[in-house]
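Please build the complete structure, drawing on both the sequences and the hints.
Chains as they are written, first to last, in my numbering: chain A, 2 to 367; chain B, 2 to 367; chain C, 2 to 367; chain D, 2 to 367.
One or more hints might be untrue.
The list treats identical chains as one, so a pair stands whether inside a single copy or across any two.
Said to hold, decoys possible - When the alpha-carbon atoms are kept at most 20 Å apart in a straight line, the in silico SDA-like pairs for lysine to any residue are as follows:
#	residue 1	residue 2
1	Lys102	Lys308
2	Lys309	Pro266
3	Lys100	Gly310
4	Lys67	Glu87
5	Lys186	Gln311
6	Lys270	Pro363
7	Lys102	Ser265
8	Lys100	Ala353
9	Lys308	Gly117
10	Lys308	Leu76
11	Lys100	Ser265
12	Lys256	Glu39
13	Lys100	Gly34
14	Lys67	Ser19
15	Lys67	Thr89
16	Lys309	Asp98
17	Lys67	His20
18	Lys270	Val301
19	Lys65	Glu87
20	Lys102	Val301
Hints were generated in silico from the structure; no laboratory data involved.
Since the model is a prediction, treat every value here as computed from it, not as a measurement.
For reference, the chains in residue letters:
Protein chains: 4
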Amino acid sequence: MPGNTFGRMFTVTTFGESHGLALGCVVDGCPPGMALSEDDIQADLERRRPGKSRHTTQRREPDKVKILSGVFEGLTTGTPIGLLIENTDQRSHDYGDIKDKFRPGHADYTYHQKYGIRDYRGGGRSSARETTMRVAAGAIARKYLAERLGVRIQGYLAQLGPIQLAAENLDIVDENPFFCADAGKLAELEAYMDELRAAGDSIGAKISILAQGAPVGLGEPVFDKLEADLAHGLMSINAVKGVELGAGFAAVSQKGSQHRDEISPDGFKKNDAGGTLGGISSGQDILASIALKPTSSISVAGQTVDKKGQASEIVTKGRHDPCVGLRATPIAEAMVALVLMDHYLRHRAQNADVVAGTPIIPASIR
Amino acid sequence: MPGNTFGRMFTVTTFGESHGLALGCVVDGCPPGMALSEDDIQADLERRRPGKSRHTTQRREPDKVKILSGVFEGLTTGTPIGLLIENTDQRSHDYGDIKDKFRPGHADYTYHQKYGIRDYRGGGRSSARETTMRVAAGAIARKYLAERLGVRIQGYLAQLGPIQLAAENLDIVDENPFFCADAGKLAELEAYMDELRAAGDSIGAKISILAQGAPVGLGEPVFDKLEADLAHGLMSINAVKGVELGAGFAAVSQKGSQHRDEISPDGFKKNDAGGTLGGISSGQDILASIALKPTSSISVAGQTVDKKGQASEIVTKGRHDPCVGLRATPIAEAMVALVLMDHYLRHRAQNADVVAGTPIIPASIR
Amino acid sequence: MPGNTFGRMFTVTTFGESHGLALGCVVDGCPPGMALSEDDIQADLERRRPGKSRHTTQRREPDKVKILSGVFEGLTTGTPIGLLIENTDQRSHDYGDIKDKFRPGHADYTYHQKYGIRDYRGGGRSSARETTMRVAAGAIARKYLAERLGVRIQGYLAQLGPIQLAAENLDIVDENPFFCADAGKLAELEAYMDELRAAGDSIGAKISILAQGAPVGLGEPVFDKLEADLAHGLMSINAVKGVELGAGFAAVSQKGSQHRDEISPDGFKKNDAGGTLGGISSGQDILASIALKPTSSISVAGQTVDKKGQASEIVTKGRHDPCVGLRATPIAEAMVALVLMDHYLRHRAQNADVVAGTPIIPASIR
Amino acid sequence: MPGNTFGRMFTVTTFGESHGLALGCVVDGCPPGMALSEDDIQADLERRRPGKSRHTTQRREPDKVKILSGVFEGLTTGTPIGLLIENTDQRSHDYGDIKDKFRPGHADYTYHQKYGIRDYRGGGRSSARETTMRVAAGAIARKYLAERLGVRIQGYLAQLGPIQLAAENLDIVDENPFFCADAGKLAELEAYMDELRAAGDSIGAKISILAQGAPVGLGEPVFDKLEADLAHGLMSINAVKGVELGAGFAAVSQKGSQHRDEISPDGFKKNDAGGTLGGISSGQDILASIALKPTSSISVAGQTVDKKGQASEIVTKGRHDPCVGLRATPIAEAMVALVLMDHYLRHRAQNADVVAGTPIIPASIR
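Dropping the structure here:
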């Protein structure tokens with residue numbers, strides 16, 4: 002199957018280019034009977050929307066989503082849910098430079114070489130604008146997970162360039178432009194970003210996503226381990242260069258006596274595993290982190306070649322995010338929601354006969 | 002689809018438990034007409050096989066592979082290739098403790114909770130012994146990739162606990178028990194491992210995998226980006242807690258002017274991207290790294306609970322790898338081979354009409 | 002995966018209800034570089050459109066298709082093609098009866114029981130209106146097949162109730178309201194349909210689909226044989242109750258010496274096989290036939306029960322096709338096109354290395 | 002995905018050639034906790050096994066199945082079940098003629114052309130011997146369906162050449178060599194088959210499969226309708242040329258007032274639909290029929306060409322079934338079992354939230 006579908010039992014198929022007529026997706030496999038409105042989805046889209054502070058791109062994208070099918074009298078019907086966002090900010094641009102030159106760090110060259118043709122307007126299909134549909138579809142999954150299973154999924158900025166940030170207070174994440182949970186560092190972040198913007202440069206970021214309340218049993222050994230599908234989903238987000246679960250790369254220098262999470266009758270004693278054992282959720286918090294590269298769309302000139310292989314120089318004009326990592330938080334949350342939802346449906350397909358009862362190991366200590 | 006199949010056009014479906022009758026797999030989609038013998042596969046299995054030095058488990062597993070189908074008169078026929086390895090080291094064990102207690106850091110608890118039943122002998126399906134079949138299937142993929150496309154895939158130990166290792170000389174990787182490319186550090190590794198083994202503890206590791214010669218154009222935006230499928234495949238290996246591509250988590254503190262790989266008529270000037278742009282291979286070297294946790298099977302006693310939730314203590318007996326990362330190198334290479342092979346077939350399905358010709362950007366500078 | 006996606010390498014995912022806002026689909030995997038306009042698709046939609054003669058439903062559905070993505074400067078780009086048809090004939094209806102009673106022969110009861118909720122307006126998702134998107138997606142596949150491989154796909158009415166029809170002249174199929182290739186029977190068909198409409202009843206039909214020029218080699222043994230995927234696609238069309246390939250059910254009373262198609266240096270001597278051998282296309286004409294039941298939406302009253310299981314009677318009001326088989330011809334052609342296209346891409350993924358050359362058995366004698 | 006896997010949530014992947022070392026399969030997705038032994042599977046294999054009467058091929062194939070994984074202490078564990086049958090009747094043959102000539106009605110030519118190479122020994126992968134694994138996997142599905150849901154699946158011979166047979170008494174099907182439910186016709190069948198065998202010819206057959214007790218709600222609109230997946234599975238069996246559901250092709254000459262199954266508080270009044278409405282099982286009996294062509298392996302000489310395209314004549318030697326339809330009954334039952342099992346798991350994945358309760362329409366009247 003081509004690459005624009007995600008999931009097996011709860012599937013999302015997206016389409017649309019940055020500067021085309023519309024972005025859309027089909028969500029197939031949503032259980033019937035769940036209340037769903039456009040407002041439910043719009044709320045998550047707003048969190049991703051650019052232009053809300055001076056630290057993100059100043060493009061205006063109203064991003065109003067329409068539900069075209071699959072909902073009747075306010076409830077999901079079990080049939081595919083069609084979603085659509087029409088592109089409105091399509092003023093005529095001068096693409097001359099981008100059309101014939103390959104921007105370093107962008108998909109221009111690889112799309113050209115793979116397909117022999119590319120929609121160069123705003124990056125076409127390779128634009129991060131595609132992720133609006135991930136957020137929209139993810140909103141449906143997270144609503145189901147929250148209402149039926151009590152799952153809460155919350156992302157936050159863990160590092161921005163050199164600035165490391167604590168997961169101190171998740172309640173403030175949506176109240177600042179950085180999805181930052183570390184109140185004491187907000188001023189430092191503001192200053193850093195202002196300086197960066199003035200220099201016309203960009204910066205990388207690390208985002209962590211915490212999923213609390215996921216039931217035991219999600220994940221299908223051996224290839225579709227929960228962490229493998231999380232890695233797939235998260236690594237498929239534009240600009241992501243790394244994915245960790247739990248201790249992640251810190252586990253490289255841990256000893257076995259240190260890393261393994263011992264268990265008591267009150268629950269796991271700690272959570273270096275990040276919420277899975279053997280590819281299956283353990284009932285602990287699921288904690289994933291991702292590394293996002295700095296956007297390559299900067300106003301610092303760069304060396305490249307054109308379609309004829311001739312040396313050239315390019316400066317990316319336009320309104321770009323100096324840190325793509327900032328707006329990645331709701332996108333990453335959406336991917337985690339999609340993976341958990343898909344695996345919940347897969348799990349109950351095979352294992353509905355297993356009497357669940359109360360998990361042997363309580364979730365109280367995480 | 003359940004979780005024991007990997008790939009879309011070049012698929013591998015595995016089965017088998019650690020202490021069952023046999024391990025096996027079906028490789029479907031292999032192009033016809035390639036010379037293939039059991040020796041071709043056995044060679045890769047030997048690299049993974051335990052017991053070759055004092056630094057890995059002393060279990061003896063001859064791991065002789067049989068080709069049951071799909072090859073006729075020495076050539077692949079395009080029909081599914083069945084592979085089988087019979088388990089020989091099945092002496093009767095005393096599993097009393099493992100049967101009723103959940104080993105910390107192992108899949109015991111999650112399998113029990115998900116399925117309501119588990120084959121506790123040697124970890125059953127969750128044992129890393131399952132990865133023999135990944136190596137066997139991967140051997141077929143890498144033979145095709147090498148012979149038809151000139152792709153070379155080589156993994157090496159990048160870090161063991163606190164010891165960082167350079168990718169100095171890939172030619173020595175198969176000549177030492179650590180898959181180490183840094184000749185000057187071999188003595189230090191020996192000493193560290195000896196001390197660790199004496200302490201009955203284990204250690205984490207970082208492995209890097211380099212794929213050279215992969216053609217431009219592999220990877221299917223948007224969800225099945227090449228890096229996303231690499232992350233999926235690599236994160237599905239037992240004990241892996243993190244995956245990086247190119248600069249990986251180092252990109253978090255890079256600026257855009259620093260991270261983006263500029264281009265000249267002679268090729269890319271560097272390779273922080275790790276070989277992909279926008280989810281599609283660029284013709285540069287593909288470089289992935291993985292973090293492996295220390296094995297939880299150590300002789301240091303650990304706290305846990307039994308199937309009734311009662312507090313208990315457990316010591317893992319038996320012959321275990323003090324660093325599972327060591328033998329992970331050929332497994333990780335196999336997963337990279339499977340992903341590249343699958344994407345090569347997917348790419349030519351859709352894009353065979355595109356006149357390939359010489360890539361605009363030469364691969365000479367990597 | 003849920004059921005609204007068809008194909009593996011050339012996939013179609015549809016959404017939309019009969020009386021919802023819109024119908025749409027995503028076509029993923031289309032090779033890049035093919036000229037494609039809305040007119041190309043509209044032409045096939047016109048052939049399916051109701052209201053063109055007195056023998057089909059008099060509903061007016063302009064069915065104007067919009068291409069939302071995947072096409073740039075008139076050429077496909079290799080990215081997913083989003084298609085949309087807005088529903089315009091949505092005048093407010095009185096659905097009182099259908100809402101609470103299960104129409105015999107319709108999906109009312111099974112949707113209610115499966116999902117616990119159903120969009121009863123015009124049959125919702127179970128309406129044959131869903132097939133517009135099959136025709137739209139099929140138009141893309143058949144354009145590629147025609148232009149690149151010279152494949153011609155043509156359906157025709159083979160039987161309507163008791164009237165059997167010859168495949169005499171395929172050129173007149175699109176010039177009469179019955180998709181009939183048997184000029185001498187047109188008057189009889191007209192009279193039969195007029196009488197049927199007066200009686201408020203409906204009638205079954207048999208449609209045949211001929212695909213000429215398909216290359217040798219399409220079809221994937223063993224489960225995805227070409228005939229198996231054709232059967233899958235054709236049986237998924239609303240109201241289809243049977244599928245045949247070649248001699249079909251007539252083979253039941255054939256002897257082996259009679260059925261097998263002998264071969265000469267000039268080609269196959271006849272075509273009882275219907276164009277496949279062992280699940281793979283042979284280069285002969287592919288001939289499939291389908292049986293369509295009479296529509297259950299008739300003005301003759303029928304016995305049923307309501308949602309409480311109470312006995313009741315129901316008469317289907319509204320404008321319905323007295324023979325759904327008539328408009329099924331372009332739909333069946335579309336499904337055949339989708340199957341051939343998908344298998345063509347799958348075939349070249351695995352077997353591009355096989356030097357095709359001239360097939361040993363010429364296609365001249367069919 | 003290549004073509005050797007069937008199903009989405011309960012998947013079967015098969016491998017093996019007629020005269021290779023072994024046939025095998027992997028059954029993935031089987032719910033855990035079901036008692037399963039080799040005897041359970043062997044019983045179904047015996048029903049398919051040749052050589053039990055003079056009316057089938059006299060090849061001796063013991064076909065002893067081994068369970069290699071997925072079962073522990075007599076219960077399924079939820080991990081993949083590996084099955085293996087070693088080929089024993091591999092005496093050295095003289096394949097000279099078959100090697101270079103294409104047998105009419107066989108897959109020789111299409112395999113040669115598709116793959117450029119073929120295992121000509123006994124038909125290789127295209128041999129009906131492959132279906133042993135369908136029967137073996139189907140035995141697991143039907144055991145689950147019978148024990149957990151009370152589903153009974155029974156096939157029978159509906160027509161052999163010109164002899165039509167009633168579904169009079171399903172209890173005698175396994176007591177005669179024809180899978181015939183019409184006691185009064187047994188003598189006629191014996192005589193017909195004896196005459197046919199003497200003539201060295203073969204004959205077609207029609208098989209019907211009845212599934213009783215399947216729950217309401219199986220089937221995924223729109224492409225994966227239950228009847229569509231049944232058609233896929235049944236048409237993928239060697240030699241099948243047609244598939245019907247319920248009235249099938251007889252619906253072509255039915256009127257709507259005649260075909261639709263009216264409903265009363267006591268149940269459906271008849272079953273022309275064959276057990277599905279809108280692609281979803283209705284709780285009525287599911288009735289499918291298939292047409293099987295006469296085997297092309299007959300001792301009557303036939304015209305063909307060789308690999309160089311030169312005219313030639315061929316006589317198939319060896320021990321072949323004069324009516325492949327006879328042994329198709331257990332194979333067709335197996336495919337129906339696999340489809341129902343797969344759809345049962347898919348249904349409960351999406352719709353477990355829907356309170357099932359007692360179906361509104363009782364199943365008592367079928």
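Taking the hints in turn, this is what the structure says about them:
1. When the C-alpha separation of Lys102 and Lys308 is checked against a cutoff of 20 Å, the pair qualifies only within one copy, where the shortest distance is 6 Å, while the shortest distance between copies is 51 Å.
2. For a Cα distance limit of 20 Å, the shortest separation of Lys309 from Pro266 across copies, 9 Å, qualifies, whereas the shortest one inside one copy, 67 Å, does not.
3. Taking the closest pair of Cα atoms, Lys100 and Gly310 come within 20 Å of each other only inside a single copy of the chain (14 Å); across copies the shortest separation is 52 Å, beyond that limit.
4. In this homomeric assembly, Lys67 and Glu87 come within 20 Å of each other (Cα to Cα) both inside a single copy, at 9 Å, and across copies, at 13 Å.
5. In the homo-oligomer, the alpha carbons of Lys186 and Gln311 never lie at most 20 Å apart, since the shortest distance is 46 Å inside one protomer and 44 Å across protomers.
6. Proximity of Lys270 to Pro363 under the C-alpha cut-off of 20 Å is restricted to the intra-copy arrangement: shortest distance 11 Å within a copy versus 53 Å between copies.
7. For a Cα distance limit of 20 Å, the shortest separation of Lys102 from Ser265 across copies, 12 Å, qualifies, whereas the shortest one inside one copy, 60 Å, does not.
8. In the homo-oligomer, the alpha carbons of Lys100 and Ala353 never lie at most 20 Å apart, since the shortest distance is 54 Å inside one protomer and 24 Å across protomers.
9. Proximity of Lys308 and Gly117 under a CA criterion of 20 Å is satisfied intra-copy only: 11 Å inside one chain copy versus 38 Å between copies.
10. In the homo-oligomer, the alpha carbons of Lys308 and Leu76 lie at most 20 Å apart only across protomers (19 Å), although the nearest pairing inside one protomer, at 51 Å, exceeds that limit.
11. Proximity of Lys100 and Ser265 under a CA criterion of 20 Å is satisfied inter-copy only: 18 Å between copies versus 61 Å inside one chain copy.
12. For the homomeric pair Lys256 and Glu39, neither the shortest alpha-carbon distance inside one copy (49 Å) nor that between copies (38 Å) is at most 20 Å.
13. Taking CA atoms no more than 20 Å apart as the test, Lys100 paired with Gly34 passes between copies only; the shortest distance there is 17 Å, against 48 Å inside one copy.
14. For the homomeric pair Lys67 and Ser19, the shortest alpha-carbon distances inside one copy (18 Å) and between copies (17 Å) are both at most 20 Å.
15. Within a single copy, Lys67 and Thr89 get their C-alpha atoms as close as 14 Å, and across copies as close as 17 Å, so both meet the 20 Å cut-off.
16. Taking the shortest alpha-carbon separations for Lys309 and Asp98, only the intra-copy value of 14 Å comes in at or below 20 Å, while the best inter-copy value is 56 Å.
17. For the homomeric pair Lys67 and His20, the shortest alpha-carbon distances inside one copy (18 Å) and between copies (16 Å) are both at most 20 Å.
18. In the homo-oligomer, the alpha carbons of Lys270 and Val301 lie at most 20 Å apart only across protomers (17 Å), although the nearest pairing inside one protomer, at 49 Å, exceeds that limit.
19. For a Cα distance limit of 20 Å, the shortest separation of Lys65 from Glu87 qualifies both inside one copy, at 7 Å, and across copies, at 18 Å.
20. For the identical chains of this complex, Lys102 and Val301 are intra-copy neighbours only, at 16 Å inside a copy versus 60 Å across copies, given an alpha-carbon limit of 20 Å.
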